[in-house]
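Peer 1: Single-letter residue listing:
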Amino acid sequence: MRRFLEIARTGVTSLLLFPMRSLVTAVCVLAALCPFLVGLGISRGIQAEAAASVRGGADLYVSGLQMGQRVPISQAMQLPLARIDGVTSVVPRIVGSVELGRNRENAVLVGLPLMHFPASIDCVEGRLPQSSNLNELVVGVDLARRLKLDVGAIIPPFYRNDRGERLSQVVGLFRSDVSLWQANLILTSLETAAAILDQPGMATDFLVYCRPGVEPFVSQQIQQSLSIPAGDDGSRVRFTVTSREDLQALLPKGILHREGIFNLHFTLIFVAAIFCVLVTSGQGHSERRREIGILKATGWQTDEILLRSLVESVLLSLACECIAILLGFVWLKWLNGYWIASVFLAGVDAAPAFRVPFRLFPVPVLVTGLLSLACVMTGTIYSTWRAATVSPLVAMR
Amino acid sequence: MKDDSAVTRTWGQSILIAVLLALAAATVAVLVDDFASQDQEDERAEEVQRLLGGLGFGAAVDLSLCPFSFDPRLSCRCAADLFPISGGGWFCPRHACSIFYYPPLDVVAVPQRLDSEQVEVGNAKIP
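Listed in order, the protein sequences are those of chains D and C. Quick note on my numbering: the first sequence kicks off at 1115 and runs consecutively. Quick note on my numbering: the second sequence kicks off at -16 and runs consecutively.
Quick caveat, the hints were computed from the structure, so don't treat them as lab data. Among the hints, a few may not be true.
[What the hints assert, rightly or not] Listed next, the in silico EDC-like pairs over lysine to aspartate or glutamate satisfying Cα-Cα at most 20 Å (straight line):
#, chain 1, residue 1, chain 2, residue 2
1, D, K1447, D, D1291
2, D, K1262, D, D1463
3, D, K1447, D, D1463
4, D, K1447, C, E26
5, D, K1262, D, E1305
6, D, K1447, C, D64
7, D, K1262, D, D1199
8, D, K1262, D, E1239
9, D, K1447, C, D16
10, D, K1262, D, E1219
11, D, K1447, C, D25
These figures come from a predicted structure and were not determined experimentally.
Whole structure, please, built from the sequences with the hints as guidance.
Peer 2: Structure below.
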């Protein structure tokens, strides 16, 4: 045991013997590890937010389907849906895309009935929309920053409606740390949203809340017992129902993003990192080869040299992993994912105004730990073994 | 001289081990902070989701190019899959380098009961 510890201590010494090599190896591994950890952390953060979106949402989402695409349906369908046994409430919702401002900023407009809004809520600075002569809006933090809006700001008409347009007033702003999807959001009443989109009496979907356990029955009843009246031209719209279970089934597949470009890019980068470590460890580092030759000439066995190299690799990969986690934390928490959030999140500025979601523990940390070990060890152990298995005279040349 | 180099080497090892331990301690502190804040973040996220009725799912923050990558409840598949060319979803810029991939929601047009209590499947009416 003591011999083992003595050999292991020489592994610590070998890190100091070639400080430049250790530094270059660490930089090569960190260059690949840090952005991978950050990307994986953001992916996990989005997954956590998506899970919250499913948990906090309705039991069923009912919308129309025509030619394989979702289409809005009449708000008059609220009553037949509410009459289905097992349904506790039905909330019509409008979700649409609008552009406003000089630069045609894209925003997501959401309209919900005023009675759906609670009396007070923590995630909004200001208040929620109420009945008024103006269009009352709650705006997302990124959109507010780009349009230079604050609570109380008045917006001139930014939409067309044959019945006339009204001024809009910002009555609240979403807090920056609640969700990334509020960044470009405009929340208002159902009537205001219908007026802005010029779709009177229509709803994008219905949020159906049911008694626990009866969701499949209600879904079946909606799809088989209810029908939407045919249009004047004979066109038909059918119901489509999305359940909470359908959305939860998407989540595990989201983790397996091995099918995405993200993993492909980083696989190539890690292969390049392994080659860099190979070059710094032995293939291009003649001093290390001579050192191994000297050790062999003085009586060291191949397995002892490999153990020494293993300890050196483990310590180096541990240091790289710790530094990558610290750098990733600083980048995501203190710098709020500056620049890298715009790479991985579509439609986001280099310095997002909302809090970029991320989770470092446990999967990203474990995966990057294994990758760090694999990169350093593959490059180091192989070249060490190559040098240790040749004759000392050849290694010392 | 021999003793001096041995002392230097021992001193260097001690510093290296101390630095590694400090890095490990800082890393553990960071991970504990991350883990401890997860519940609070989940609560805040759920509050706003209850207000909106569940909105947002993917790695996009607007509906401009691909509503599906914003929320599959709004569009069951990438819009580029159907227009302007079929199968164009592979070229959708919202999915390239996507760090949160999910497949299209399977949407089946269920036979719907008509007023005359006939069930229409495709073009055939089945009593």
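Peer 1: Under the constraints set out in the numbered hints, which ones does this structure not fulfil?
Peer 2: 5, 6 and 7
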